[in-house]
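Kindly generate the complete structure, drawing on both the sequences and the hints.
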Amino acid sequence: MTGTATPTRRWERFTAQERIARSVLYILTVIAVVWSLRTIDIIPEFLYDAPEQTADLFKRMWPFDWAFYPKAVHSALIETFHIATLGTILAILLALPLSFMAARNFTRNPVLRWLAQFIFVSSRSVNSLIWALIFVAIFGPGALAGVMSIAVRSIGFVGKLFGEALEEAQRGPLEALTATGAPRSMILAKGYWPQVEPAFWSIALLRWDINIRESAVLGLVGAGGIGVALDAALNNLYWDQVGLILAVIFAVVIATEIVTSFLRSRIL
Amino acid sequence: MTTRPARPDAFPVDWPKRFAWIALAVYVFYALSTLDVSLDRILRGFSQAATLFGRMFPPNIAPDKVELITTGMLESLQIAVLSTFFGILLSLPLGFAAARNLSPVWLAGAARGVIAICRSFHPVIVSILFVKAVGFGALAGILALIVATMGFVSKLFAEVVEELNARQVEAVRATGASFFNVLIIAVMPQVMARFVGLTVYQFDSNLRNSTMVGIVGGGGIGAPLFTAYQRFDFDVVLTILLVIIALIMMFEMVSARIRRVFQ
Amino acid sequence: MNVMHPAIAEPVLSLRGLRKEYRPGQPVLKDISLDFAPHGVTAIIGPSGTGKSTLIRCINRLVDPTAGDILLKGENLARIQGAALRMARRRIGMVFQEYNLVERLSVMENVLSGRLGYVSPWRAFLRKFPTEDVERAFDLLDAVGLGQDFANRRADKLSGGQRQRVGIARAIMQEPALLLADEPTSSLDPKTSVEIMELMAEISGTRGIPIIINIHNVDLARRYAARIIGMTGGDVVFDGPPEALERGHLAMIYGGEGWQE
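As given, the protein sequences belong to chains D, A and X, one line each in that order.
Heads up: the first sequence is residues 14 to 281, going by the numbering used here.
Heads up: the second sequence is residues 12 to 274, going by the numbering used here.
Heads up: the third sequence is residues 753 to 1013, going by the numbering used here.
Please keep in mind that the hints were generated in silico from the structure rather than gathered at the bench.
All residues carry an ideal CB built from backbone N, CA and C; glycine is no exception.
Listed below are the simulated SDA-like cross-link pairs for lysine to any residue, each with C-alpha atoms no more than 20 Å apart in a straight line: (1) 909/X to 855/X; (2) 166/A to 199/A; (3) 166/A to 103/A; (4) 28/A to 215/D; (5) 28/A to 278/D; (6) 203/D to 25/A; (7) 84/D to 250/D; (8) 909/X to 202/A; (9) 880/X to 24/D; (10) 28/A to 206/D; (11) 84/D to 45/A; (12) 84/D to 46/A; (13) 166/A to 266/D; (14) 880/X to 39/D; (15) 825/X to 836/X; (16) 782/X to 830/X; (17) 166/A to 275/D; (18) 166/A to 215/D; (19) 28/A to 277/D; (20) 880/X to 30/D; (21) 28/A to 102/D; (22) 203/D to 280/D; (23) 28/A to 209/D; (24) 782/X to 818/X; (25) 28/A to 280/D; (26) 825/X to 809/X; (27) 880/X to 25/D; (28) 28/A to 275/D; (29) 28/A to 207/D; (30) 880/X to 890/X; (31) 203/D to 28/A.
Here are some of the chain X residues that sit facing chain A, going by a computed Cβ distance under 8 Å: (32) 812; (33) 839; (34) 842; (35) 853; (36) 854; (37) 869.
And the structure:
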């Protein structure tokens, strides 16, 4: 190399601003973890017998109380399925108009868009179990409260994602249809729908998959489904029944995953 | 879909599709009938809702309640921080183990099994088991959310690792770089942005769930919430709900910025 | 083959009986023995799948040979492992067909990654490369015709030709005793291909770095190489200066008429 006479050129990977931003985040993370570790209330005595307790737990679970399945689990399982499915359908019905309201290319009014976003965030911030508490207070214990909490909890998820899909729709086909003087319903059905249909089904399936899991626990607060049976078994300390119910939930969740991935590959 | 125009040649009726829609409608009516859902019940619910909302307003901000809520909320936050931190720490090796392009078949299979179990159970159910194992309190909640974190993050992290561009890694290896230098220069840049995105998302999710594990004894704001609910102190319930929504909205605004820093 | 390359007195690289079998009994390289002079451009031509790329990758052991010796200035690279292998790789630069830059890093980081054999992980993490390395990297950006303004652009924002220039700068950054180039122009348009070959020939001349290039464009090979090695089916079938390469040789290398692309 020939020596260059230019003054020492400095090179830095990040601008000062980027470096500061990263450092601040790293430091904040450390502070948060240290603060949490130091102040959180953990009772060490409980930890000593944790392995024992865990072993005891599994010992009591096995063998499962198989006779409990036809007695109470089966019907509760079907109810869980209904809650998840109806809840998802209701969520889609409620979320669709809101997603049009949230999509920039449909709604020009920023206040309306902001309102839709606010509904989405509220829906997603509050957990399904907490929504269930509220709906049990309104409709009383049972599956209706479950369906409502699943639906309300899912509005944010479905609405946000479907609204984004609408915003991403290509202008070309829409303009071509508008140019032919097609009515608005026609533009929706032939211009938008074919473009967003894959997204629609994938969102619906994804949420249904999640809702099967969620609806399995709603019964803990009285909102119907297999959680009711789980709650009863837990309160009675019938661990062999608890074990059976957990195994059933595991099987259903796995089955749902297989079904949704099959449907996804068929539809999309 | 249902708005087919009357020109059968251009848009012929898709019978299997139409049949699927009819089947869906029949199912909805059948399911509704088995669930004991009636108009009467729904109407009664509406009047009940009116009384409920009447009792919710105004939200209760008495000093003793505020203190209770602050303590609970801080504990929820701590649960979220710790479960995210340790959950991610454990997810890294698990994700690498589950990546089919790096680890042997038996290891990837075993790791995927662990991930499937972590993913299948709702955090609330896992909390119940941990409450039995380690007793009431925040630890049970933290452990439950660590399990949830591992289920989600390791699965997606394995996918990120599987999408690694091997050519970029090979080129850096060809310069004579050591294993760690290859990791730092060729692997980390490829995975970092996705990894930060995953972490932020998971913290968000853990924050939402940390408000709930308390219902089954896992610590955090869930316990005071459930107590207030059982005592019909609905004005306190509303205060707690508003605080939760505010906190999560705040983090949602912050998270977009965090992501941008690590683009 | 009828044309033989004259013996090289002090070769930078000697291959002795180099053999590679991906599946036992099906050699991709059939006992290749070659010497390379410590200067000038050598082009390896031949149809796809003939073992050119495997040969190049065996030299820096990105592919492990089944048998044979690779002598780089007397050190046998076929017999070393771990740290010793990494030391040896530091002395061999490599340029790739798909450029293989780390896409999410800046041009400067990619050029400096040529020094990764010399810096600690901690420094690599903080991107604290020695000042003289940074200086040299800036000079190289000029030398490969990009200019210093490119330093902070991200690699995925560059065109193919620009990426390959960064790839060359990264390889030269190693101050290599030997530069390998695996189809460096195959992903580029004809005009850019010529520019890249021009650049490599110039670098080889001014910096005295011997370059071995895999290439299937015979015209480019003729124009820029001082020596051409023709391979087919894992064997060397021609080895000589470009002037000696005739139609008959090409027909033999590419099998009948097929060589005319």
